[in-house]
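**Student:** Residues per chain are reported as follows:
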Amino acid sequence: MIRLDRVNGLASIQDLGRQGQGHLGVPCGGAMDRFSLILANRLLGNEDNAPAIELASGSYEFTFETSSWVALCGATFEARIESEKEGKIDKRPLWHGWRGRVNPGERLTLKGPRQGVWGYLAILGGVKVPEALGGRGTFLAGRFGGHRGRQLASGDSLSLNAPAEASFSRPVGAVHRANDGILRALPGPEMSQFSDQDRKAFWHGHWTVSPQNNRMGARLSGEPLDSGKHLSLRSHAVLPGVVQVPPGGQPIVLQADAQTSGGYPRMAMVIEADRWKLAQARAGQAIRFQHVSPNQVEDANLEWQHYFYRLARAMDGS
Amino acid sequence: MQTTIYPLGERALVLDPTPEAPLSWAAQSKLCWIAEQLRHLPIVEEAIPGMNNLTIVVRETRQLKAMQARLGELWQSAPTETCESRTIEIPVSYGGEAGPDLHAVAKYHNLSPEEVIKRHSEASYQVFFIGFQPGFAYLDGLPERLHTPRLATPRLTIPAGSVGIGGEQTGVYPLASPGGWQIIGRTQLALFDASRNPPCLLKPGDRVRFTTVEICL
Numbered sequence: 110m111i112r113l114d115r116v117n118g119l120a121s122i123q124d125l126g127r128q129g130q131g132h133l134g135v136p137c138g139g140a141m142d143r144f145s146l147i148l149a150n151r152l153l154g155n156e157d158n159a160p161a162i163e164l165a166s167g168s169y170e171f172t173f174e175t176s177s178w179v180a181l182c183g184a185t186f187e188a189r190i191e192s193e194k195e196g197k198i199d200k201r202p203l204w205h206g207w208r209g210r211v212n213p214g215e216r217l218t219l220k221g222p223r224q225g226v227w228g229y230l231a232i233l234g235g236v237k238v239p240e241a242l243g244g245r246g247t248f249l250a251g252r253f254g255g256h257r258g259r260q261l262a263s264g265d266s267l268s269l270n271a272p273a274e275a276s277f278s279r280p281v282g283a284v285h286r287a288n289d290g291i292l293r294a295l296p297g298p299e300m301s302q303f304s305d306q307d308r309k310a311f312w313h314g315h316w317t318v319s320p321q322n323n324r325m326g327a328r329l330s331g332e333p334l335d336s337g338k339h340l341s342l343r344s345h346a347v348l349p350g351v352v353q354v355p356p357g358g359q360p361i362v363l364q365a366d367a368q369t370s371g372g373y374p375r376m377a378m379v380i381e382a383d384r385w386k387l388a389q390a391r392a393g394q395a396i397r398f399q400h401v402s403p404n405q406v407e408d409a410n411l412e413w414q415h416y417f418y419r420l421a422r423a424m425d426g427s
Numbered sequence: 002m003q004t005t006i007y008p009l010g011e012r013a014l015v016l017d018p019t020p021e022a023p024l025s026w027a028a029q030s031k032l033c034w035i036a037e038q039l040r041h042l043p044i045v046e047e048a049i050p051g052m053n054n055l056t057i058v059v060r061e062t063r064q065l066k067a068m069q070a071r072l073g074e075l076w077q078s079a080p081t082e083t084c085e086s087r088t089i090e091i092p093v094s095y096g097g098e099a100g101p102d103l104h105a106v107a108k109y110h111n112l113s114p115e116e117v118i119k120r121h122s123e124a125s126y127q128v129f130f131i132g133f134q135p136g137f138a139y140l141d142g143l144p145e146r147l148h149t150p151r152l153a154t155p156r157l158t159i160p161a162g163s164v165g166i167g168g169e170q171t172g173v174y175p176l177a178s179p180g181g182w183q184i185i186g187r188t189q190l191a192l193f194d195a196s197r198n199p200p201c202l203l204k205p206g207d208r209v210r211f212t213t214v215e216i217c218l
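Residue numbers (the working numbering), protein chains in the order written: chain U, 110 to 427; chain F, 2 to 218.
Just chain U, with the same shape it has in the complex (with noise of 0.2 Å):
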């Protein structure tokens, strides 16, 4: 069990989202950043899509009743470890890309982040909340999933799956690829509607994070795309990196909880290696598109492959 005597920023559980439900409205949601929340659980032992916390910024307090082991990942969250002894604080960093032990009793403090919008704090076992939907996370505008269908408060408490006793006894830490804010891309359907001058503003133009970002979709703004506006689009079905022009020119990316369906004009598909670049960029970072061959997209996945086969070798015995 874990006590979250102090919640300051939108915190929720999430998994790796949900499968099959496009359909009936539900959107796939998940975790902003998977390859984070992936790392955390792989640092762990746990499967890939076990629930773990998302944090955004601000600052958590969390007391384990229980010991454990926790992995921190994603944005860079300052973390300490407390404890009591004898009247006497003891406190040791929890470093951002490691796992650390947690003794009963003592204290998680959070604060941050310095760098990229989504933590991501996985607990040994993974945090036990039931299925909704085929998924365990939390899909907040829908109030389904995760702990209560909400966003974390304080004084609530956590279960945790019953943990399998950790197979290792030290810490690891993993160093996390950058984010270089490069979104590679395909073509979308109606892109070849745009004009020239569009297209090119919108491969080779500098786009910037609008504040008007959450985990819906990430508005960017720039040079207008306004040779779309004529194009009136029966609503079709819309995904997660689905790059939108509606009639004002500006782009949405759809993000993890995106509508499931829309009628703006599909400009590009950001790849699926790449959308946590754009869920990790603040508002006011400078984002670029790049366009990609369909051999591209495949490399763009194996660099991830060998990324999690290179953690894999350097935990072997670990």
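You may find that some hints are simply not true.
[Said to hold, decoys possible] Chain U regions said to be covered by chain F (calculated; three or more residues, Cβ under 8 Å):
1) 133–139
2) 292–304
3) 339–345
4) 348–356
5) 401–410
Quick caveat, the hints were computed from the structure, so don't treat them as lab data.
Glycine is no exception: its CB is placed at the ideal position from the N, C-alpha and C atoms.
The hints should help you fit chain F onto chain U, whose structure is shown.
**Tutor:** Just chain F now, kept in the frame of chain U:
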């Protein structure tokens, strides 16, 4: 018949068989049937109908080619009338606090509020697909006389159950959400409940009628 199938990103295909033809339930029922056939295949992650189109997400990119061929065949072989049609009644309190835009809609069309309610509740609607929000039904059948532009400034929050008109469409917001539709009433009926099986009240093919439980002018 020509079928149009195009890719969407690295793992999805869109079947858009009748881009030039007017919207039709015949095409929609075929697409819904195809979605049902494909949804349970292990290689299919999502099968999501849109308005006379269908998006299929497969698990791996290399499965796209086979799926493309399959979609073409299914479109040719799909039966035209498939869904058993239910009629679902949605009881609505029109006007007042539940329907703050009723008067504006009436004024826009030079109708009395009673006349707007009468036309809205006398029409029969058909569910084309569920999308946008959990349980939100795209309905066909709003009488032309009630087509009304969306609000110039969307509201930040609209209560769950709100019944609105947006352009040529009418519908019910299943969840509290921001929105730009003209809100003319509200229903107590839950359009979506994650703990129910199935979670959505409506499904494609259903006929919908709005019944008047209360009018507040």
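**Student:** Does each hint hold? Answer for all of them.
**Tutor:** A quick look at each hint next to the structure:
Beta-carbon proximity to chain F at under 8 Å applies to 3 residues in the stretch 133–139 of chain U; the threshold of 3 is reached and the given coverage holds. As drawn, the stretch 292–304 of chain U meets chain F at 3 residues by the rule of a beta-carbon pair under 8 Å; at three or more, the given contact holds. A stretch counts as covered by a chain when three or more of its residues have a beta carbon under 8 Å from one of that chain; for the stretch 339–345 of chain U and chain F the count is 3, and the coverage holds. Judged by the Cβ-Cβ criterion of 8 Å, the stretch 348–356 of chain U is covered by chain F as claimed, because 3 of its residues qualify and three suffice.
A stretch counts as covered by a chain when three or more of its residues have a beta carbon under 8 Å from one of that chain; for the stretch 401–410 of chain U and chain F the count is 3, and the coverage holds.
When held up to the earlier numbered hints, the structure conflicts with none and fits them all.
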